[in-house]
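Enquirer: Given the coordinates of chain A, work out where chain B should sit on it, guided by the hints.
Sequence order for the protein chains is A and B.
Taking the working numbering, I'd label the letters of the first sequence as residues -14 to 290.
Taking the working numbering, I'd label the letters of the second sequence as residues -14 to 290.
Do not take every clue at face value.
The list treats identical chains as interchangeable, and a pair is accepted whether it falls inside one copy or across any two copies.
Said to hold, decoys possible - As a list, the in silico SDA-like pairs of lysine to any residue whose alpha-carbon atoms are at most 25 Å apart: (1) Lys74 x Ala118; (2) Lys172 x Gly42; (3) Lys159 x Thr133; (4) Lys216 x Gly170; (5) Lys144 x Asp81; (6) Lys9 x Gly121; (7) Lys(-6) x Ala215; (8) Lys144 x Asp134; (9) Lys168 x Asp180; (10) Lys159 x Ala97; (11) Lys74 x Gly26; (12) Lys268 x Asp141; (13) Lys(-4) x Thr116; (14) Lys20 x Tyr265.
Hint data in this document are derived by calculation from the structure and do not stem from the laboratory.
Okay, here's what each chain looks like letter by letter:
There are 2 protein chains.
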Amino acid sequence: MSLDRLIDKIKETNNPTVVGLDPKLDYIPEFIKEKAFAEYGETLKGAAEAIFEYNKGIIDAICEVVPAIKPQAAYYEMYGFEGVETLYKTIRYAQDKGMFVMTDGKRNDIGATMEAYSTAHLGEVVVGSKTIAPFGADALTVNGYLGTDGIAPLLDVCKKFDKGIFVLVKTSNKSSGELQDLKIGDKTVYEVMGDMCEKWGEELPGKYGYSGVGAVVGATYPEQLEEMRAKLPHTFFLVPGYGAQGGGAAGVAKAFDKNGIGAIVNSSRAVMCAYKNGNYDEKDYAKAAYDEVIRMREDINSAIK
Amino acid sequence: MSLDRLIDKIKETNNPTVVGLDPKLDYIPEFIKEKAFAEYGETLKGAAEAIFEYNKGIIDAICEVVPAIKPQAAYYEMYGFEGVETLYKTIRYAQDKGMFVMTDGKRNDIGATMEAYSTAHLGEVVVGSKTIAPFGADALTVNGYLGTDGIAPLLDVCKKFDKGIFVLVKTSNKSSGELQDLKIGDKTVYEVMGDMCEKWGEELPGKYGYSGVGAVVGATYPEQLEEMRAKLPHTFFLVPGYGAQGGGAAGVAKAFDKNGIGAIVNSSRAVMCAYKNGNYDEKDYAKAAYDEVIRMREDINSAIK
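Bound conformation, chain A alone (with noise of 0.2 Å):
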């Protein structure tokens, strides 16, 4: 009902860190396209099985290592149903490789919805006698825009089945501020949807002081970083942005506590498509995401001691 398990998988693998799985068709190598165009042609279903076949390669190479993968919705939707069934056997085949999974997908509706959303992606549906997990994720990624009765069926469910959510917090794109930033009495937008999440989480707490409910925080903006790691004690970070949107280790540092945890860190292009330095074949894509995940891990870590 918190973020435990991740914190738990963020602690055995001495690793804060999450490789975003955002599979855009041009970050595929052309042999595993090839193969899969060759057997499904030039589909939808063709594109959904080259993803899958890609990232199979990453789990297995990283699972080790990393404790959770961050698939993005949107690029699985933008293969159609047939790449939002990749992302399902994307989610079961990491969490069969012990990982951690969080679905990026930034949902967001009044309550009778938002309870559909969390039976969708965290919890189980019923079909006549039956009980499913539809995608069943570890996690979630929501937008707090509509107040607490949009985030309170999540919070149920995460009750029930032992998982989390992550609300939108202050993004790291370069416009988060246009609303994000603007203030209400003396506070910032995000202050109050950091203060949200807060008491949100009191319902989920956990057993390392940080609850179910965590924040986004982008890693671009680390002075905010560091205002929300003191003003939130019990509110867990997700920060994307480190790498190629251009957020650094010592910024991203901010995001962690005094016992350094308290954030796990994205990376999704940096290793998505490590082969394409010039220093690999691309059948070897597995191996240069790997040296890019250890890269990344040390990075960080010693940006935290």
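Expert: Frame of chain A; chain B shown alone:
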């Protein structure tokens, strides 16, 4: 590149309403479920087939008198990738019957990822030498919490494929005010978001004065509807919350301009479950939906005039 195609359909049918297709299994008549489960078992596939069968019945019954449907992505994701296949098939089926389809997904993310969502739901993806529309809806609901660079990719896709978006401004749920009603200087958060819609819409002008960037403003807050109608002259409104959520015709009438256009009102449960009101056999669920749709049209049209 605007919402003109939708407004044309509204004029053609003289009906400013949209039917939300949010198909929980509970809403679906037993005879449809029994048939689907007999063929596919009590599986996600069975559920997905039952929903598609049900949706087709509703669409067949209403396609001549209602301009649009609004499938809510959550209720399809709740039945896994098989459910998402039904979303795809429902979009295509309704479009083949001449309806405008608004996917209610409230998607949001940073620019690169929003490009993927735009491609997924409104645009076309490249697979090898082929170009394919993964879902191909006519409009998509989105959440603007991330600011301009989370919206810009949508504008490009809307321009290219003549599609539209609806941005959450003031949502219909009880807790919508927790963030949306807070004051930034002398404006509320939802007013700030509304202003952004006007700005984003400048890129997608339409022949009726309304741009391709609409706003979601709930029927449950008629005062805000009236206020926003006056302040956002180029922003077309999608108005949820009529019927089951408590919004009445007099309230939603405030979403329309002096020419009787400017908004489309959604009803989901009241239409989908119309057959449960005691006057119908479940086999007549589509007839019941038709009757409710006509009742709703008259109710709203008479309040506008």
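Enquirer: Can you list which hints this structure breaks, lowest number first?
Expert: 2, 12, 13
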